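**Student:** Single-letter residue listing:
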Amino acid sequence: DAGVIQSPRHEVTEMGQEVTLRCKPISGHDYLFWYRQTMMRGLELLIYFNNNVPIDDSGMPEDRFSAKMPNASFSTLKIQPSEPRDSAVYFCASSHIRGDEQYFGPGTRLTVT
Amino acid sequence: DQQVKQNSPSLSVQEGRISILNCDYTNSMFDYFLWYKKYPAEGPTFLISISSIKDKNEDGRFTVFLNKSAKHLSLHIVPSQPGDSAVYFCAASAHSGYALNFGKGTSLLVTP
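Residue numbers (this note's numbering), protein chains in the order written: chain A, 13 to 125; chain B, 108 to 219.
Just so you know, these hints were derived from the structure itself, not from any lab. Remember, predicted model here, so these are calculated numbers, not experimental data.
Label pairs and their computed distance ranges (CB to CB): (1) A:Lys-90 to B:Gln-121: 44 to 50 Å; (2) B:Ile-125 to A:Arg-97: 36 to 42 Å; (3) A:Pro-93 to B:Pro-219: 47 to 53 Å; (4) A:Thr-32 to B:Lys-161: 39 to 45 Å; (5) A:Lys-90 to B:Ser-135: 34 to 40 Å; (6) A:Lys-80 to B:Glu-149: 23 to 29 Å; (7) A:Pro-96 to B:Glu-149: 23 to 29 Å.
Distance condition first, Cα-Cα at most 16 Å in a straight line; then the derived EDC-like pairs of lysine to aspartate or glutamate: (8) B:Lys-161 to B:Asp-138; (9) A:Lys-80 to A:Asp-69; (10) B:Lys-211 to A:Glu-56; (11) B:Lys-112 to A:Glu-56; (12) B:Lys-175 to B:Asp-138; (13) B:Lys-211 to B:Asp-131.
Positions of the beta carbon are idealized from the N, C-alpha and C atoms, including for glycine.
Let the hints inform the model, and build the full structure from the sequences given.
**Tutor:** Put into structure tokens, the structure is as follows:
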């Protein structure tokens, strides 16, 4: 099992540019989560999906952030336009059963200059 | 508003001794608690969990204790090993929802 796969691992972009982060969950997992980690706020849940449907997006900071899950094996988190304060590590995680432990990907380190 | 708090940013312990990591929470609706371990440049990995119907759960060298009245949980590692050096996150969720609320983490250093 390859685990949760995220790409790219590192992204450096200029303010105002569009950024797309990608995630492939573990096969068979029904839940997919996007988190953001910063020094100030720690690990925050941005949004999660169940069976490809967004369930709770209350953690998405602004309209500049959007997430999609077009199928069970792929999800994207898009930031448009990006700002320096979006610099953080973004994690994707998946789980099989609600309440079960979540499996995290290695994260994408985003730097917006 | 941080509902899960890990008040010690760092902890240093000698190899072979006990490591105790603490976590406090404010939301009385939380009924499921987890500990994750994170190495640099990797995602968090699940370590151990406990449901609110229990006050202790043990898995090898790792034991989690839950004190519901104090809204406090702790992770004990005995004996500590250098490979345990990592950041440990406490997380909690409520029955009515699923969002995992994480603490900011405690960096554990186990010295030989």
